[in-house]
Every structure is written in C-alpha cells, then in structure tokens.
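**Q** Listed below are the residues making up each chain.
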Amino acid sequence: MEKTVKHREFGLPESPNYSITVDVPHESDPDDLWKDSRVYVNIGPTHPAMHGALRMCARLNGETIEKSYCEFGYTHRAKEKLGENRTYHNFIVYTDRLNYCSALINNVTYAMAIERLMGVEVPARAVWIRMICAEMARVIDHLICVGINAVDLGAFSFFLYGFHQREEAYTLIEKLCGARLTTSYTRIGGLMHDAPPGWEKEVKDWVVRTRKTVQEMDKLLTNNRIWSQRTQGVGVFTREQCMKYGFSGPNARGSGIDRDLRRDQPVMFYKNVEFDVPVGKNGDVFDRYLVRMAEIFQSLNIIAQCADRLQPGPIWSEDKRVRIPDKDVVFNTMEGMIHHFKFFMAGFDVPEGEAYTTFEAANGELGFYVVSKGGPRAHRMRIRGPSVYHYQALSEMCQGAKIADMVANLGSINIIAGELDR
Amino acid sequence: MDIRTPVPTIYGDFAKKHMELWRGQGERLKSTFPSAIEEIRWPGESATDVPIFYVSKSQLVEVLRFLKEADGFEYQFLSDLTATDEEVEPRFEVVYQLASFVSGSRIRVKTRVREGERVPTATSVWVGANWPEREVWDMFGVRFEGHPDMRRILMDERWEGHPLRKDYPLRGYQLFPDPMPINVDLLKD
Amino acid sequence: MSKDGSSSFLTTRLDDFVNWGRKHALWPLPFGTSCCGIEMMATFASEYDIGRFGAEAMRFSPRQSDLLIVAGIVNTKMAPVLRNIYDQMAEPKWVMSMGACASSGGIFNVYSVTQGIDTIIPVDIYVPGCPPSPEGVLHALLRLQEKIQQGDTNFHRREREAKIGGGAQ
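Residue numbers (the working numbering), protein chains in the order written: chain A, 1 to 422; chain B, 1 to 189; chain C, 1 to 169.
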C-alpha cells in the first residue's frame, strides 16, 4: 500500500512533480534513520561557507550527504561576450575580475596571450617585474585560500595573520600601480608604469617578514590535533580521479600529480630561477593545505631571486602597434596625438590567428584561447578558468561525507566565483 | 609579425620543439583514421600555435580516445572544451584542447557542426567534459548526443536564447521573479 | 503624537536615544558575491577593523542582522535570491550597496547583470569604487550611522509612513 505525501520545501510550488512516495507499512531500509528520513537541503547560494555565490543541493540522511549536485552561474558577468565587444586594450580591465584574489596573474596571462598572437617581444625588466607580481599574487591567493579554509573550520586567528601579510602586499602593489585589488597593471607589450625607486628593497623586506609570519601560521595548524582530525582523510581524491576531471594546480599536486607549468612549460624567465614543486601523497584536504603552504615558501624564494636581478631598463615594447605614446609626446607632437587618438578610438589590429596560452595560476592552469580574425576586437575570447573543473568534482568528493566535511572540501579546492562563472 | 613569430619569453621554442613529434603523430593519425581527419593545420603554415586536427563528427569519440590512450600520443589531459561561432556554414566549431604530461605537447581538435545538429559526447573519455559540454549547450545551443545531463549551467534554466551566439545582443536582459527551486529529480537514485 | 503627525518632545528624545543605540550596534549581513567581497573581508580583518564601530558581529542569517551589505555583482539569476533575503530580514533593516557593480552594474552592462540593486531593493547608502577601499566602506558606514541618527533612512521613512497612516485615522 502506498501513500503519496506532498512536501513543501523551500518554496516549492505544490505540484504533482514534487511529491514523494512513502511505503506503508515501512520495509526497513538499513540506511534509513527513521521512516522516510531523507531531507533535501539547499546549501547556498548565499551561505557563509560557500565561497562567493555557489549552490549545492543535497539529499541528506541525517548528516551524511547521499547525493548532491552543484550549481553556479550566480556571478556570471559575460566576460566572453564582452571579449568580443571590447578592444584588446579595454579587456585588460575585465581580466582582473577573473580570479580576483590574485588579479595580477590574470593580467600577466592575458597580456602574454595577446603578445603571443602579435609576436611582440617584451623587454627584460618588464618580464622580471611581471614575475614578481605573479608570485606575489600567488602568495596572497594561497594565504586567502588556507585562511578561509581555516575560518570555515573554526580557526579565526590564522586567517587574521594571513590577512595582515596580505595588507602589506596590497600596500606594495598600490605603490606599484595604484590599486589594491583590481590592478590592470600589465599592458599589451609591457607594463603600465615602472616600479618606484626602492620598491625592490621593500619587496625583499616583505618577503622576510612574510616568511616569518607563515612559519608562525604553520606552527598554529600543521601539528594541531583538531586540524589533523578535521582534514586528514577528508575529501580524498586519487590521481586517477584527478586526471578524469582535469584537475591542475595545487589540487592536482596534492593528489600526487607532478605537474607545474612553470617548470614543465617554462615561460618568461622561470628557467633562470630555482624553485621546487611540492607534491602531496594522499589527496586529502590536509595534503592540499600542506602543498599550498609549501608553495608560499617557494614563491617567496622566487620573488627574492627576481628582485635581486632587476636591472634598470624600458618596461614597454617600442613596437608601434602596442605602445601607447607618453603624454609629453602626445601633447607636443602631431604624430603622437594621432597615434593616441587612433589607439583609443579604434584599437589596434591583431593579425589573424588563434592561440591557447596557459600559465600556472594560483588555482591551476589558467588559459586564454583567443581567436582573432584581424580586427581590433577578438572573434572569440575563451577563458579557461581552473575552478570549473575543480567544482565539477565536488559532488563526487562529497559522496557519503558529512556536511562538515563538505565545508572542508570546498575550502580546500579554492573555488573563486570570478573565474568559475566568468 | 603574428603568431608565427616566436617570442622568446612566451613559449618561444614551443612549436619548434614539438614539430617533429607533431608531424609523426599527424601521419599516424591519418593512417589510423583515414576518413575521419578532414584537415590538419600546421603551426608554421597557418596562423596557429599548435596543430589543429579537424575531425568529422561521426568518429570524434574514437579519435579522442585514441589520442588519449595510444602509445606515442597520451594526450590524457583535457585542458578545455569550448566552441566558436563562425558565421558561415557550418556554423559552430567545437574545440578540444588536449595536453600531454608525458611529452609536454599540446594539440587542438576541432569538429564542425551545423545549427541543430548534435555532436557525440566526450564524457565517456573524460568525465570532466560534462560541465564544459553543458556550457557549450547553454552558450551556443549545440547539443551533445549521449550526455547524461543536458541542462543549462551558467544561465537560469528558464532563459531563452543562447547568449554567446553572434546574433544575441550584448544587452539582451531577461528577468525572473523567483529563484530556481531545488530540482528533486536530480537527487533521486 | 499630535494630530498633524509630528512627534511630541518626549517621543523625539526617545527616538534619538533608540537611533543612537541602533547605529552603534549594526550587525552586518555580508552578501559578498565577487571581488568586493574580498575588500569587505579586508574591512572585517584586523587592519581596517570594523569592530571599532560596533559592526563586528557578522551574522549570515537575515533574521539576525540589521545591515545588508551587498558587495559584488547581482545577476539576473541571483536577483530573486537577494530579494528573498531582503524580505526575510526583520525591521529595522538598512542596505549598503558596496561597489560599482551593486550600485549600477559597474563595468558590466551585459545581458546577465542587473544594473544596480536599487532596481530590486531600496538602498540607503552607496559606496563607489571598484572595489571600494576599506576606508571607503568605513566612511560609508559612518555616514550611514549619521543618517540613522538623524532618522533619514528608508527604514525611518517607512516607520513614519506607517505611523502617519495609523495616526491619521
């Protein structure tokens, strides 16, 4: 004998599609806590533990997630469509807002993608400064990731220590380009503005202070019994699963995949600096945390090496197609004024071609697939954000886990809504 | 000066380093799938950074599986799956960017498809192709045959139209009065 | 209250006292969706401590908070969710629209973005910037506190409307 029960959950309309059939008399299902104990829960899109606006709908048996599906798109800003409607120079502003925790890496990758299409060579000083910026952005992204992961699991002071170092980094970035978060610092062919004198020394001092602080932060959590119990063995994702889903970056390295685009596909001057690539073993939340902490130390080493090798020089290629003339040239010569006018009104033409340029962003492989048909605007601007592939695996990672473990997993795979939704 | 000009600080010697490997792979691919490979575009001759293999729809999944598993290819990493809207027929090109951890090289596989036609799904080769294919459906309207869950992903499920098509306006707003409810059917076993 | 709706001396002093209490204990609901969310977190952190102004108790539940800080983009997919959250909040409630995207759509005038949250909910104070510096957010908070003290916010107007509507009978 069956009885149909209509459930009203979270504003569902009363309709036959949402009814659930209950067996009467009840045949004992060993997984059922009590008769018909499954609950359908909607976690998000506004939820303290969800990073940005992410939604997960789960079927719970008590505290255990039996089945779930994830949804996103709540911060979709149509950057790919904007890429087709804005000139290449205008689009730099939109690239900051992709992975907003490490905006400089996005700027650097986009500039590299367009320079590759045009065959424009960037001067050496600009490349060294770009490397410093990219590694600084990586450090601050990792500090946010592990900080928020810790906050979700209850460790608040850890987050505050990391944020203090982030504020110091923001001050340095503000000295460099005027903005804290959305920097728009690189230009096609070079950089917007040179580093002020004495900036390298301040960066090296910051590196020393951050190293000390991160060592203190490490002491807070790594051998902490509560942290170990909450994170070891939680969210285990094996090598094969990572390869199936297209994981990259610290999430893949935490599971034992030894792939780092800075070492395997070297770009800029990464061949000339020494750094190690930390690789984890178990693929759980603890290993990803350890990989990120180790990567912070490696990035600090890279920054120190790059700051030592900075030589004075030009920071923007002199290629006429991409170089915006300086203001004294614009206001004093006719050619400069016309060049400036045409650059900003019409945009510069990128020759026909397509290229997929990747870089090791803080989260994984950030890629820009740009198809150009010869005009001032792209024909297709595709942004490969690593978070999409990572978020896809969350349902499988949380299969059979408790809700509290889901929170730990989500924090460890570092979803940034900006590059997820674009 | 275009993509064919190598820039030393941006993967300068990438094409030169892998050219021989790519030529060998191209020959083997053409001999294994003589009817499926429609065209190959090489980096030096055409304006591209990696070789592009144009594969016909009918044998797409076999070619992708061969590229993933065969010895000497081992393109195990699906880097990206997307589409572009060329405005001439056939209208859409579905693009697969593959990378190999073993040799460090990358290739691009493209399929041309007309409006209204379906493409076989790559989820049997890579599970991670699930969401990118949903995004291609959402943004371009290209359906994938055999996909387990063909729904919109970025836009609201009630959205009409496919935003990234060239004829969709940039400012084509559509507003909804209530949020999307939880879809209980997806959570049943 | 007198017949024309103006308050008497005792009620005004009480209003002042209540507003003083409310303004120094605003509990924010951080509705952080995108980049402005990071700057909002920076405002809550130790360098630009928002706890100095009484707004440290971040409550993520609409029933327990007073001030809805919308930091970041609000989509057409997210807009009904925001409206739900706003409706679920208990009076008194204030809304701070933080950043250019929340105030007016920002640099994104595209198909999926609402051009400002004031198309959906009434806003008390707008903070410009992309993202606004934490100093900007604190300035906005202080200005909102002044507005609350003077009774110049949407909530106070609603209250006065309700009183006049009931008192005019």
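Treat the hints with caution; some may be incorrect.
[What the hints assert, rightly or not] Here are the simulated PhoX-like pairs of lysine-lysine, each with C-alpha atoms no more than 20 angstroms apart in a straight line:
| id | chain 1 | residue 1 | chain 2 | residue 2 |
| --- | --- | --- | --- | --- |
| 1 | B | 16 | B | 57 |
| 2 | A | 244 | B | 30 |
| 3 | B | 110 | A | 373 |
| 4 | B | 110 | B | 57 |
| 5 | A | 271 | B | 17 |
| 6 | A | 402 | B | 188 |
| 7 | A | 204 | A | 175 |
| 8 | B | 166 | A | 373 |
| 9 | B | 110 | B | 68 |
| 10 | B | 30 | B | 110 |
| 11 | A | 327 | A | 342 |
| 12 | B | 68 | B | 57 |
| 13 | A | 281 | A | 244 |
| 14 | A | 219 | A | 201 |
| 15 | A | 67 | A | 373 |
| 16 | A | 67 | B | 188 |
| 17 | A | 175 | A | 201 |
| 18 | A | 212 | A | 201 |
| 19 | B | 57 | B | 17 |
| 20 | A | 271 | B | 16 |
Quick caveat, the hints were computed from the structure, so don't treat them as lab data.
**Q** Hint by hint, note whether the structure agrees.
**A** To see whether the hints hold, each was checked on the structure:
{"no.": "1", "hint": "B:16 / B:57", "result": "violated (30 angstroms)"}
{"no.": "2", "hint": "A:244 / B:30", "result": "violated (26 angstroms)"}
{"no.": "3", "hint": "B:110 / A:373", "result": "holds (17 angstroms)"}
{"no.": "4", "hint": "B:110 / B:57", "result": "holds (9 angstroms)"}
{"no.": "5", "hint": "A:271 / B:17", "result": "holds (16 angstroms)"}
{"no.": "6", "hint": "A:402 / B:188", "result": "holds (18 angstroms)"}
{"no.": "7", "hint": "A:204 / A:175", "result": "holds (15 angstroms)"}
{"no.": "8", "hint": "B:166 / A:373", "result": "holds (14 angstroms)"}
{"no.": "9", "hint": "B:110 / B:68", "result": "holds (15 angstroms)"}
{"no.": "10", "hint": "B:30 / B:110", "result": "holds (15 angstroms)"}
{"no.": "11", "hint": "A:327 / A:342", "result": "holds (15 angstroms)"}
{"no.": "12", "hint": "B:68 / B:57", "result": "holds (17 angstroms)"}
{"no.": "13", "hint": "A:281 / A:244", "result": "holds (18 angstroms)"}
{"no.": "14", "hint": "A:219 / A:201", "result": "violated (28 angstroms)"}
{"no.": "15", "hint": "A:67 / A:373", "result": "violated (45 angstroms)"}
{"no.": "16", "hint": "A:67 / B:188", "result": "holds (8 angstroms)"}
{"no.": "17", "hint": "A:175 / A:201", "result": "holds (13 angstroms)"}
{"no.": "18", "hint": "A:212 / A:201", "result": "holds (17 angstroms)"}
{"no.": "19", "hint": "B:57 / B:17", "result": "violated (30 angstroms)"}
{"no.": "20", "hint": "A:271 / B:16", "result": "holds (18 angstroms)"}
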